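Let the sequences and hints guide you as you build the complete structure.
Number of protein chains: 2
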Amino acid sequence: MKLLDGGQAPNPRRVRIFLAEKGIEVPLEPVDMGALGHKEEVVTKHNPLQRLPVLVLDDGSALTESVAICRYFEELHPEPPLMGVDPLDRARVEMWQRRMEMNLLLFVANTFRHAHPAMATWEVPQIKEFSEANRPRAQETLRWLNEELADREFIAGDRYTIADITAMIAVDFTKPARIDIPEGLDNLMDWYGRVKARPSAKA
Amino acid sequence: MKLLDGGQAPNPRRVRIFLAEKGIEVPLEPVDMGALGHKEEVVTKHNPLQRLPVLVLDDGSALTESVAICRYFEELHPEPPLMGVDPLDRARVEMWQRRMEMNLLLFVANTFRHAHPAMATWEVPQIKEFSEANRPRAQETLRWLNEELADREFIAGDRYTIADITAMIAVDFTKPARIDIPEGLDNLMDWYGRVKARPSAKA
Numbered sequence: 001m002k003l004l005d006g007g008q009a010p011n012p013r014r015v016r017i018f019l020a021e022k023g024i025e026v027p028l029e030p031v032d033m034g035a036l037g038h039k040e041e042v043v044t045k046h047n048p049l050q051r052l053p054v055l056v057l058d059d060g061s062a063l064t065e066s067v068a069i070c071r072y073f074e075e076l077h078p079e080p081p082l083m084g085v086d087p088l089d090r091a092r093v094e095m096w097q098r099r100m101e102m103n104l105l106l107f108v109a110n111t112f113r114h115a116h117p118a119m120a121t122w123e124v125p126q127i128k129e130f131s132e133a134n135r136p137r138a139q140e141t142l143r144w145l146n147e148e149l150a151d152r153e154f155i156a157g158d159r160y161t162i163a164d165i166t167a168m169i170a171v172d173f174t175k176p177a178r179i180d181i182p183e184g185l186d187n188l189m190d191w192y193g194r195v196k197a198r199p200s201a202k203a
Numbered sequence: 001m002k003l004l005d006g007g008q009a010p011n012p013r014r015v016r017i018f019l020a021e022k023g024i025e026v027p028l029e030p031v032d033m034g035a036l037g038h039k040e041e042v043v044t045k046h047n048p049l050q051r052l053p054v055l056v057l058d059d060g061s062a063l064t065e066s067v068a069i070c071r072y073f074e075e076l077h078p079e080p081p082l083m084g085v086d087p088l089d090r091a092r093v094e095m096w097q098r099r100m101e102m103n104l105l106l107f108v109a110n111t112f113r114h115a116h117p118a119m120a121t122w123e124v125p126q127i128k129e130f131s132e133a134n135r136p137r138a139q140e141t142l143r144w145l146n147e148e149l150a151d152r153e154f155i156a157g158d159r160y161t162i163a164d165i166t167a168m169i170a171v172d173f174t175k176p177a178r179i180d181i182p183e184g185l186d187n188l189m190d191w192y193g194r195v196k197a198r199p200s201a202k203a
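Residue numbers (our numbering), protein chains in the order written: chain A, 1 to 203; chain B, 1 to 203.
The list cannot tell twin chains apart, which means a pair is met if one copy fits it or any two copies do.
Think about it this way: if two alpha-carbon atoms lie no more than 20 Å apart in a straight line, the pair counts; the simulated SDA-like pairs of lysine to any residue are:
{"id": "1", "residue 1": "K45", "residue 2": "G157"}
{"id": "2", "residue 1": "K45", "residue 2": "L149"}
{"id": "3", "residue 1": "K45", "residue 2": "A150"}
{"id": "4", "residue 1": "K45", "residue 2": "E147"}
Think of the hints as simulated: they come from the structure by calculation, not from any bench. This one's a predicted model, so the numbers in the text were calculated from it and none came from an experiment.
This is the structure we're talking about:
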């Protein structure tokens, strides 16, 4: 198998960090998203949606969607568990992963894509008002997360999970999106320091 | 356990249809979303994000996010399988579920929420231009889906899965969103007829 990879974009990073936490090595085939390589045949033939990453399996079939790719590796290599350890725990991790995705990463991405000049050919039409509407929503989620993190070490509980990966990447992404992290979110910043200090964060 | 339910809104329907397919009965506690009941304490104490549905467990803890609730029931009651039968199949079903969610249901919901007068107090600010930008994206996904359905019976393969539930609800939702389904999508309409004919579609 090989992973068609997209560099520093959020979704390719999600999968690489997941693999690093698992200690799994998969051959990477870099695609230059800055040069719109994800719109080329090398990606499109595997994923008509022209998104990265794409896991190409040995039979030539492809798996897309970062979380689906992660789930495949979670099942093949259960240790260390990053998606829960029993039915209720797995559901809770999925709940938190989705909350971080739909209520944080998506808000940050919307803020970025609808305002940043580099996205003008990606997000057509760019709607500045929509970017501005998403910024305070992302900040509101960060404030809520700060409260949630008062009594636990990681997003979904006392164990590092895929929810931490999604949330860390969303917080990283606030910088290019020009979203200020509200002052005084000490629990959040402590958590962020913890997850950024893991070797996987550089994957 | 009990399920805080939200009537005909897409997410509450997703979970009820999933339960109907499984033949699982869970006591429902209706919440009137039209009267903004999901902003009241009965929901907020379980889900600060004020979204429905919410599964309240016997220990008083809560599970939110439709797909996470579905996964919990999938693990407790594996038959009939609605989320895949082996690691690769589970990943493929998740891929299709997510494609239907992010590239169809979300586009339809954005079209609806940013234009419909009934959503003026829900989606603040409503941005008409964003609604209009999402309509052709939803139609493009429908065209692609029509091609995909040329050689298989259901969204993720030859078996009905959670991806069909998400997609069916998205297609249902095109009507209030005032999205015309492009002419000539015969495979899509055949599939839609099949899934709408299942007793679960009325749940």
